[in-house]
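Student: Going down the list, the protein sequences come from chains V and R.
Quick note: the first sequence uses the working numbering, first residue 1359, plus one each step.
Quick note: the second sequence uses the working numbering, first residue 1359, plus one each step.
If you are wondering where the hints come from, they were derived from the structure by calculation, not from laboratory data.
Please note that a few of the clues may not be correct.
SDA-like cross-link-like pairs, simulated, lysine to any residue; straight-line CA separation at most 25 Å [claimed, not checked]: (1) R/K1758 to R/R1708; (2) V/K1596 to V/S1619; (3) R/K1979 to R/Q1742; (4) R/K1439 to V/R1386; (5) V/K1979 to R/P1408; (6) V/K1439 to R/K1486; (7) R/K1979 to V/D1401; (8) R/K1439 to V/V1490; (9) R/K1758 to R/P1843; (10) R/K1758 to R/L1698; (11) R/K1596 to V/S1619; (12) R/K1439 to V/D1494; (13) R/K1758 to R/S1704; (14) V/K1847 to R/R1426; (15) R/K1596 to R/F1615; (16) V/K1486 to V/A1503.
Number of protein chains: 2
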Amino acid sequence: MTARAVTRSPLPAWFLGPHAENRDVLERLALNVIRDYSGWRMDSHPGDPPGIPSEDRSTPEYRECVERLEAGLDTLMVELKRGVPAFSQRYKGHMLGEQTLAGQLGYFAGMLHNPNNISSEVSASTTKLEMVIAHDLARMIGYVADASWGQLTSGGTIANFEALWMARSTLYFPLAAAFAANELGVALNVELPDRSHVPLASLGLFDLLNIRTGPSLDLLQVLRESSAGPDLSASLEKHSLATAGYQAHAERIERRFGYRSRPAVVLVPATAHYSWEKIVRALGIGAQQLVFVPVDERCRMDPDGLWETVRSLSRERVAIIACVSVCGSTEESAVDRLDLLCEVRSRAERELGVTFHLHSDACYGGYAAAVTWDAAGRRKSAQQVRATSGINWPSDEWQKSMLALARTDSVSIDPHKLGFVPYPAGVLLVRDRRARDLVATDPPYLLPGNLSRTREDLIAGRFSFEGTRPGAAAASVWLSHRVIPLDEKGYGHLIERTVIGAHKLYRALKDADVSPAVIVTLPEPDLNIVCFFLHPGQMKSLAEINELNEVIYRDMSIREPSDLPAYIISRTRLRSPMYRGAVRPLLATLGSAVAEQWHDGEAGGLVVLRATVMDPFLARKDLAEVHVTGFVETLAAAARAHLAGRRCELSPVAGFEGRVA
Amino acid sequence: MTARAVTRSPLPAWFLGPHAENRDVLERLALNVIRDYSGWRMDSHPGDPPGIPSEDRSTPEYRECVERLEAGLDTLMVELKRGVPAFSQRYKGHMLGEQTLAGQLGYFAGMLHNPNNISSEVSASTTKLEMVIAHDLARMIGYVADASWGQLTSGGTIANFEALWMARSTLYFPLAAAFAANELGVALNVELPDRSHVPLASLGLFDLLNIRTGPSLDLLQVLRESSAGPDLSASLEKHSLATAGYQAHAERIERRFGYRSRPAVVLVPATAHYSWEKIVRALGIGAQQLVFVPVDERCRMDPDGLWETVRSLSRERVAIIACVSVCGSTEESAVDRLDLLCEVRSRAERELGVTFHLHSDACYGGYAAAVTWDAAGRRKSAQQVRATSGINWPSDEWQKSMLALARTDSVSIDPHKLGFVPYPAGVLLVRDRRARDLVATDPPYLLPGNLSRTREDLIAGRFSFEGTRPGAAAASVWLSHRVIPLDEKGYGHLIERTVIGAHKLYRALKDADVSPAVIVTLPEPDLNIVCFFLHPGQMKSLAEINELNEVIYRDMSIREPSDLPAYIISRTRLRSPMYRGAVRPLLATLGSAVAEQWHDGEAGGLVVLRATVMDPFLARKDLAEVHVTGFVETLAAAARAHLAGRRCELSPVAGFEGRVA
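Bound-form chain V, shown alone (with noise of 0.2 Å):
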């Protein structure tokens, strides 16, 4: 055994570790924070008679009571350690990580407080925190911040569906001002796409339906300016989808300019959450309203298909409430090619004159962002970060594509992902913080006009389209970023780590000998999730192959607690015809009758295994010559003792054995 360099970072301070190896810090910080608490009620008043007296905690029905929350304790460990130990290096299922030390601490401090961040009144100083996360985010993906805007949510889909929200409030928007001031007799100049500015009153529905973010809020900043005053509140808000609804509003439409609205559609890549789907059939936009644009072969949204798109759909002179770009998919880490997205849509404006919201729902990668900021604040290009990284990434594209996030219009953020903070931490962040305004709850033209932005940053609950939301979740998040700061040295550092981990069991599992089967990788992830699938050899049909990868799937995941498998992953299904850019590759190498059955959406799309690499701790050499050499040799056991001995569980498929190598 060679000795191991020490690692001279901060990571082995970040965790509790696999073993819990920082259980001191941990116990000794988690009681200073119960101490200090229970210290503030102490001091609260000390005068005052005891709301407990000493007498009353020794009767048997106090006596008896504590007992049965020893018990039911007890219970509940138990229990809980039925659940998946994400903490495992040998757990790489879902998007489970470890949290860090300070996010732990930081919650447990602001539970045991319990604001509620809906208004500074009851949450005094975790708004405030809140508000700095805001602003360290907004940073990070290139916002100005005080231009910006961000909140805490409970996770990703409320931050999806807020800035989905958002999108069609502000979409909708210059149609309201235009009945309105029509109504009021007002006159106002608003600017089309092509950067050319018109009189709003000349425009037809379409061309209402396309004007960018920005010259869309500066109508509403020039009409709250103006001094038409509560009868053009009133009139704004009459017209508003959000007061009319679908249906008043769409009649209203037609009685306006004779003809119905097409409805607005979504564009999103194969790649997109499930969770978009609710989006849209709870918000009434309705899920065939949901338009998937093609991916590439790297599981990126097709540039060239999201202009044909764009294209298509402006003949039919049907609007783009937002086109959502994903930085991080939840199956395969892909990484859209936000910056030629972004030129699409400047393409789009130049010579169709439409325009959309973009979005990037970087849920689950945005926290890598991190990994393009030198800890002056600099940007560093990617060949710095090669140089740091010591593998081939991130690439030259990679590093444009984060770079765009500063042009979109909102990004969705999970601290509770790659911010390995606890659950639920859920972020969005608006580029244009005016575009809050419109879907505030008190209409901001009845407001009185006298808040300064500060005061009105602390009533949160009026942008949020939660009420109550935990405070604690700020503390966690703002004490996390205070310790790993959001740069190369913080986490940077630790997201490099997990993608050197990741990209070492892709080199292996293309590497690895599992004959008579074979591994199929997707292509290296953009990220840390490997996807890849096994061939059984010579079989040919595709439900034959998805078989074996169930087998191994059911092999290599949790079925009993107390019979853990030596490695957990995880599958998923890359679908018909979604996901057509992305398996082509694949299918060529399967041969033309495995291509047709997926293309005929046979066998519910292609079973493909995957491996979220969320340790940290993966990338050192010795550990990974533990695990990732255990990994595959796991799955080479579980392959090969599928082929040889258990072929009857492989297939219900007539003929199927005959046909093994």
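Got chain V sorted already, so can you dock chain R onto it with the hints?
Tutor: For chain R alone, kept in the frame of chain V given last:
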């Protein structure tokens, strides 16, 4: 000082206590949790090499990082103490109370394990605990636990949102079924509100939108069990509002029936939480479809008002998505006469042939249903409850209202309010579990039919709008319910104590001498929120009355954490016209000029001061002597100071000073 009787109930063991009297219990058990959790990590593959070897924990980088964590945590603890001392007996502001020790310890244990209750694959234990909680609460409100279903949400807003989403899906389902049946030539019968059975194909649009929840879901079940198969599934999906979206859906209706359907509405009382407005805006229903039903002098929805509203909507052929009743309004803790509202619905079904989804927003008051259960699982009469409360509460009517929760279609209850657990913990309960299938993201008709009911329950993400949900919340509520049962010995006792405290305060305010001012109270609260305002003697304008109460509020609220007032309250505004029924009797005492100003919507409504008594200890005689007296004295002193010396602050109204008595 007389000897105090020892408290013969476990209540002293339920909380940390206003002066952290139970800090030894919290410390000891929190440490147990950490050690148990660390032990799990240590026991997991103990032979694996350490992720954080000891030599990595003695580097300068490591030490510096731990110091940074300590410093950050110190800062956080200082910041958090600038928050609201909700534990204090002197805090009577918003709905922020203590948290149970069980809730705190359960959350902490769950937080360390950090399961995600999206699917049992990542939360094997806490998904089951969530099902137990839902079962506990369903039973408490009188639902048949096996026929109903429930889940955790981040809070009341999301629970209410999901309830309305489900109500809308159920409302429009018979329409989709009629379209699909027509398309495929399937003949079906359906039950009308008057209990007659007719062919689905014979119904007009308005009748299709007036099928009760049960028969609507029977239709779903019949269709799922029919042999029509995938064609039917596809057709149902195509015709659902969720798929089509409002615009295409409305056009389809017009094509089929030859006329447009009027937008469906949502009925709420004036006391409804402001989140209902957010919800109808986001869902595409539209704020103008939110119809306010009058309230009576107790701030409860007026059953006659509901009947008139329903009759008038029925005449105009406007369908009702849901009627939202409130159990424990956030401002006044008013409990609607749900039993009478149920009767209105029955009458509407009989006499008008119309029906609606009845939802109880019991986010605040739901847990009070625990007082209606004895420890043997039998319902108690109101008289029996009064015998233990020792005050004139609850009334027979109150008891009937709580029992009527069993007759609703859905109920939202926040464990983080009167369940006294940390944020975030809301719960949605649905009486007919089949309704959840209509909002499942995989359309149920497309699901392989072989999932068992229990297995389906474990994939909670299908039915939850939120994706990620902290399993810690489930652990917290579960443990709190185990220690404090949902009956007269547990939560019933706890909430009864808060009501007793509130009534003591109410009585004291009614009797208080704050001359020259006069205290005007709202009627005795249904739960534990006491609302009142001060009338400054002879002054007559509404603005002047409001001004006095605003300055008292400012005196008795937190401006600087370092300078807390002796007692802390909050305030609200009763606005015209929604609050007319409640404000009319109050105005009668203030003269016709003020009444006219209120009716005209001047001064933003009537400002009312609000004392929320979530403190269970105030009910004790010795503590009431200190704090009820102290509260009234603080209030009187504030009023007198302002009336005597600080008149100029009181009002911007010209000539004001001259009119002070």
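Student: Please go over all the hints and tell whether each is borne out by the structure.
Tutor: Each hint, compared with the structure:
1. This hinted pair checks out: R/K1758 and R/R1708 have alpha carbons roughly 22 Å apart, not beyond 25 Å.
2. Restraint check: the Cα-Cα separation between V/K1596 and V/S1619 comes to about 19 Å, which is no more than 25 Å; the hinted pair holds.
3. For the hint pairing R/K1979 with R/Q1742, the CA-to-CA distance comes to about 22 Å; that is within 25 Å, so the pair holds.
4. Distance hint between R/K1439 and V/R1386 is fulfilled; the C-alpha atoms sit about 20 Å from each other, no more than 25 Å.
5. Only pairs whose Cα atoms come within 25 Å are accepted, and V/K1979 paired with R/P1408 is accepted, the gap being roughly 13 Å.
6. Our distance criterion of 25 Å between C-alpha atoms is met by V/K1439 and R/K1486, whose separation comes to about 13 Å.
7. With a CA separation close to 24 Å, the supplied pair R/K1979 and V/D1401 stays within the 25 Å bound.
8. In summary, the hint linking R/K1439 to V/V1490 is supported, as the alpha carbons are separated by about 18 Å, within the 25 Å threshold.
9. About 22 Å separates the Cα atoms of R/K1758 and R/P1843, which keeps this hinted pair within 25 Å; it holds.
10. Annotation: proposed proximity of R/K1758 to R/L1698 holds, straight-line Cα distance about 9 Å (limit 25 Å).
11. The hinted pair formed by R/K1596 and V/S1619 meets the criterion: a straight-line CA distance of about 20 Å does not exceed 25 Å.
12. Between R/K1439 and V/D1494 the alpha-carbon distance is near 23 Å, which keeps this suggested pair within the 25 Å criterion.
13. In summary, the hint linking R/K1758 to R/S1704 is supported, as the alpha carbons are separated by about 16 Å, within the 25 Å threshold.
14. Only pairs whose Cα atoms come within 25 Å are accepted, and V/K1847 paired with R/R1426 is accepted, the gap being roughly 14 Å.
15. Of the pairs offered as hints, the one joining R/K1596 and R/F1615 holds, with about 18 Å between alpha carbons and a cut-off of 25 Å not exceeded.
16. Between V/K1486 and V/A1503 the alpha-carbon distance is near 15 Å, which keeps this suggested pair within the 25 Å criterion.
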